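> Heads up: the protein sequence lines correspond to chains A and B, in order.
Each residue of the first sequence is one higher than the last, beginning at 1 in the working numbering.
Each residue of the second sequence is one higher than the last, beginning at 1001 in the working numbering.
It is worth saying that the hints were derived from the structure and are not from the lab.
Here the structure is a predicted model, which is why all the values come from computation and not from measurement.
C-beta atoms are modelled at their ideal positions from N, C-alpha and C, and glycine is treated no differently.
Please note that a few of the clues may not be correct.
As the list claims (entries may be wrong) - Coverage of chain B stretches by chain A, computed from C-beta distances (three or more under 8 Å per stretch; other residues unrestricted): (1) 1020-1026; (2) 1037-1044; (3) 1189-1200.
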Amino acid sequence: MTITVLIVDDSKLARIVAGKTVTSLQPDWRRVEAANAEEALARIAQGGVDLALLDFNMPGRDGLDLAAEIRALHPSMPLAVITANVQDEVVMRARAAGAAFVSKPLTEEGLRGFLSGASLQLRKAG
Amino acid sequence: MSVTVALSALESDALTELVNIGVSRAAAALRKMVGSEVLLSVPSIEVITQHEASALIGEREAGEMVAVRQDFTGAFSGRALLIFPQAHTLELVRAVIGEDTTPEDVIGMEQEALAEIGNVILNGCLGTMANMLRQSLTMTLPSVFHATGATLFSVPNETAPTGMVLFLYINFAILGRDIRGYIAMVLDMASVLALKLLVARFIDSVMSDGAEFG
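Given these sequences and hints, build the entire structure.
This is how it looks when you write it as structure tokens:
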């Protein structure tokens, strides 16, 4: 089964970076993108998305609201919120939504743990 | 004038993202100082005249403003400002130095505390941006001044006040407190060209080896 990761960020450059980082860690995964929360929810509704990387600070609904919304629809989908905003409240809200917290600027090192965990979880769920 | 006159869509995107990362980190530093969550808007980036920049803040803020200013020079030069409505500054100072401080002490420490808060935020923001662009910037010491919207944005190495500038701003608020303000950066067009080259190089490096963002 090919794993599909949804990358949500209003910055095109940040989506490119996230995409390249995912590919260097998990070359076989398929990547799809969304530029905001609405697009992300529409893409997930189409089906086939296994996990998602969410930017926090976006116009419209932010990444934490989006994480909570996705979580309500998909209780077991691996989610990560990616931001340079390392305030305690932001980290706590991410955890409360059952999302991992990954800091920007995004690096392979920073993303590796989340992707490995997600990969295991998805294989287990089969 | 649209920002695309000065920067390509991807350059503008990249610069906004750099500012976003810089300001997000600075917000985390401010959160440590005030002990409450700092809420940020999405950054806005425009090429406008200083007059228009002033009008943008003036539309939202009728009263007297207090600003902390630091000029930066290096690969690109400009001015960074942390701006508050005057009515909010004592509340901010109190949040930082403690609730049990007497009103006299809060007033006595206002200038010093604002300069320090400005230093943490503006240095944090510009430092992060400069690091990601692999440049170093020299920053002046923070100075606190009082202004109205009309006098907030004059650019170093004076261009005419009607000259175009790159104006970046973000507004923030502190949860549960009556504190809000703006972080703004003003660059004259010569610096915008220098910055454009650095951002283009940054995009190239991201596109080529990509794995490390910064």
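> So, for every hint listed, does it hold in this structure?
Cross-check of the supplied hints:
1. 1020-1026: Per the Cβ count (5), the hint holds.
2. 1037-1044: holds (count 4)
3. 1189-1200: violated (count 0)
Taken one by one, the earlier hints fail for this structure only at number 3.
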